[in-house]
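*Asks:* Residue numbers (the numbering used here), protein chains in the order written: chain X, 1 to 299; chain U, 1 to 443.
The hints are simulated quantities; they were obtained by calculation from the structure and are not laboratory data.
We put the beta carbon where it would ideally sit given N, CA and C, even for glycine.
One or more hints might be untrue.
Facing chain X, from chain U, some residues (calculated, C-beta under 10 Å) [unchecked claim]: (1) Leu6; (2) Ile213; (3) Trp413; (4) Arg417; (5) Arg420; (6) Leu424; (7) Lys437.
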Amino acid sequence: MLSVNHIVKQYASHRALDDVSLTVEQGKIFGLLGPNGAGKTSLIRIITQITAPDSGEVIFNGKRLNSDHIAQIGYLPEERGLYKKMEIGEQVLYLAKLKGLSTAEATKRIKYWFEKLDMGSWWNKKVEDLSKGMQQKVQFVATVMHTPELIILDEPFSGFDPVNADIIKNEILELNRQGSTFIFSTHRMESVEELCDHIALIHQSKKILDGSVEAIKQEYRNNTYWVEYEGTLQPAETPFDIRETEQHKNMTRIKVQLKPGQTANELLSALLPQVAIHRLDEVIPTMNDIFIEKVKQKN
Amino acid sequence: MNKILLIIQREYLSRVKKKSFIVMTLLTPIIIAGFYGVAIYFSIQGISGTSNKIAVVSENKTLLEKLPSSKNRNYRYVDQSLKEMKSSLKSGTYDYVLYLPDFDLNHPDGIQLLGNKQAGLTLSSKISDDIEELIRNQKLKTSGIAQEELDKLKTSVDIDTKKISETGKEEDSSAGASTIIAYVSGILMFMFIMLYGVQVMRGVIEEKTNRIIEVMISSVKPFQLMMGKIIGIALVGLTQFVLWIVLTASISTVAMKMLVNDKDLKETTMQASVQAKNMPSAQVAAANTPGIGNIQKSLANLELTKIISVFIFFFIGGYLFYSALYAAIGSAVDSETETQQFMFPVMMPLLFGYILSLSVVTNDPYGPMAFWLSIIPFTSPIAMMVRLPYGVPDWQLMLSMGLMVIGFVGTVWVASRIYRVGILMYGKKASFKEMIKWFAYKN
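Please build the complete structure, drawing on both the sequences and the hints.
*Replies:* Next comes the structure, spelled out in structure tokens:
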């Protein structure tokens, strides 16, 4: 539904985005990852039409991005903000109307969301009287209320306690089931693994990794296994590369890296005659590992 | 367009609903009316009441005439010595004791004015005027000029200024009336541009520090947000302005009726005329003060509708011109404390125009300085308003208004280009160089 083609954005002496292209498919949750200052926010600002690229284009539902698309995109910036002196209800209503909802429709939807997220009594409260977490909730509602096709969330869980983070996560999944596409910008890798279907990693203004979470993980498997056993292993009869060894009482835990072409079965058949095996796990790299590895490589 | 209306509505309502707005709007007219009332009250009291009783102890042998009393200086010649009078000052029969020693008319030294309280500057200079006149008359008489001749010498001059209008008709005009209108409209213009321009700047900074700006900008164009804010605040200003006028007028009317009933007013005029009869003929003319009548007549004669409509035009134009600059400043900084370095150069021309308008322009409303100040958009809102009551040729008015329109379109354009970049910049120390760079950004 959204494709970003060869975007370049230059700020004075600093190139924020250097020939970045990516495609977000309809109904998916897309993770936009990258260390601080990589260019994520610059890219999001281009998609939300806050700024325009120096070159390249953004295609939204087959059309070049234009002002008609504003109502179809919801954006929750990392730096949250509301008018402090305004009442909550009035404020969300104002933001909804700016996105093109009628007063009646907006009121109905705000009531629905406030009810759903336990905010029923907040309507007449002022923003300055709410806690930070409560303000985040208000802002989340303001972002999704006009049921945009594309919802862009920048660090959506920062500032939430675990209970509220879970509530928001479930709302995101539900909206996703109902058909909303998400772009998710974060450095919290565990939420990426939980939620995202697809990721792109931006580092130093360039895209350095792009693919589905599954595929990337598969790609970053390096034939490494954890094995736990009782007994003693004869190094001469174990033609594998043992990377680490840990000893817990009579239990031994080793990390084995197989050579290309070797399989877990070969490992097992070599070990079975020697020791009593308790456990064998493949080491699948977490997104966190991949992220760190990729970024370090580039540096 | 619809979005601009929504923004205007929010900016307007959120300000008008504020307690501080309501308090300011209600309190200011009460204070103004209060001052007005007090001033009227005291001026009436001043005519009918408080007159200073001055005991004159004269040891002078050459002064034959006595000091004539007037409305607030009541001279009584007493036979007691200065010492006795000094001690009787405490009893309060007299406010002051004036001591005239036996001086030579050419060197009147040693005159003293004693009182329980220090005599005000006006009073002491009036008394010294009285004595000087007395001495002058005495001298003239000794040189052989008759009393009638002396009376003839005293003439009070009141210039009846008339302006020949373009149609050749003579109109009553008065430098007084024009000056009043010029001052009032100049001050109002200055006040409103300053007050509401700064409000625009504060609003922009508020959005930036609240970080709501990014949410807003993902829904509306920066230009819409800026113009919505500027127009919304202008409407707040106009609302306050109209309410002030209406409230001040109605409160003063009521207050006038309460403070000054008809009887008082009649007494005042009667007393004034009684006093006038006792005065030498020349002073009667002065007491009737045809000047005041002139001012009233001229106020009616000035083209009020023209003045008001030009005022509204320059109010809106000048406000747009400056508030756009203020919006640009607001967008460039992270907090209000950083605004100083930019505020100064923006305020300078306005302040400059204000000070020059009220001094140079009122003194010489047709001079080259007045002309240029009232043409250049930086100062024209104030200078033109100050010049207008004295009469301005139509072509100059048109030129000034035209330049004003070009001026504010220009500042709004420049400001919006700085604004759209500035609002998204955080933590960067803004400078003029930086702002010029922002202005040049493509998008």
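*Asks:* Arg420 (chain U) was flagged as interface toward chain X. Is the shortest Cβ-Cβ separation under 10 Å?
*Replies:* With a closest approach of 9 Å, the Arg420 (chain U) hint holds.
*Asks:* Holds or violated: is the Cβ of Ile213 (chain U) closer than 10 Å to a Cβ in chain X?
*Replies:* Because about 7 Å separates Ile213 (chain U) from the closest Cβ in chain X, which is inside the 10 Å limit, the hint holds.
*Asks:* Restraint: Leu424 (chain U) near chain X, CB-CB cut 10 Å. Satisfied or not?
*Replies:* Since chain X brings a Cβ to about 7 Å from Leu424 (chain U), closer than 10 Å, the hint holds.
*Asks:* Under the criterion of a CB-CB separation shorter than 10 Å, is Lys437 (chain U) in contact with chain X as hinted?
*Replies:* 7 Å, holds
*Asks:* Please check whether Leu6 (chain U) passes as an interface residue: C-beta within 10 Å of a C-beta belonging to chain X.
*Replies:* Status holds, d = 6 Å.
*Asks:* Please check whether Trp413 (chain U) passes as an interface residue: C-beta within 10 Å of a C-beta belonging to chain X.
*Replies:* 18 Å, violated
*Asks:* Let me know if the C-beta of Arg417 (chain U) comes in closer than 10 Å to any C-beta of chain X, holds or violated.
*Replies:* Status violated, d = 13 Å.
Of the numbered hints stated above, those contradicted by the structure are hints 3 and 4, listed in ascending order.
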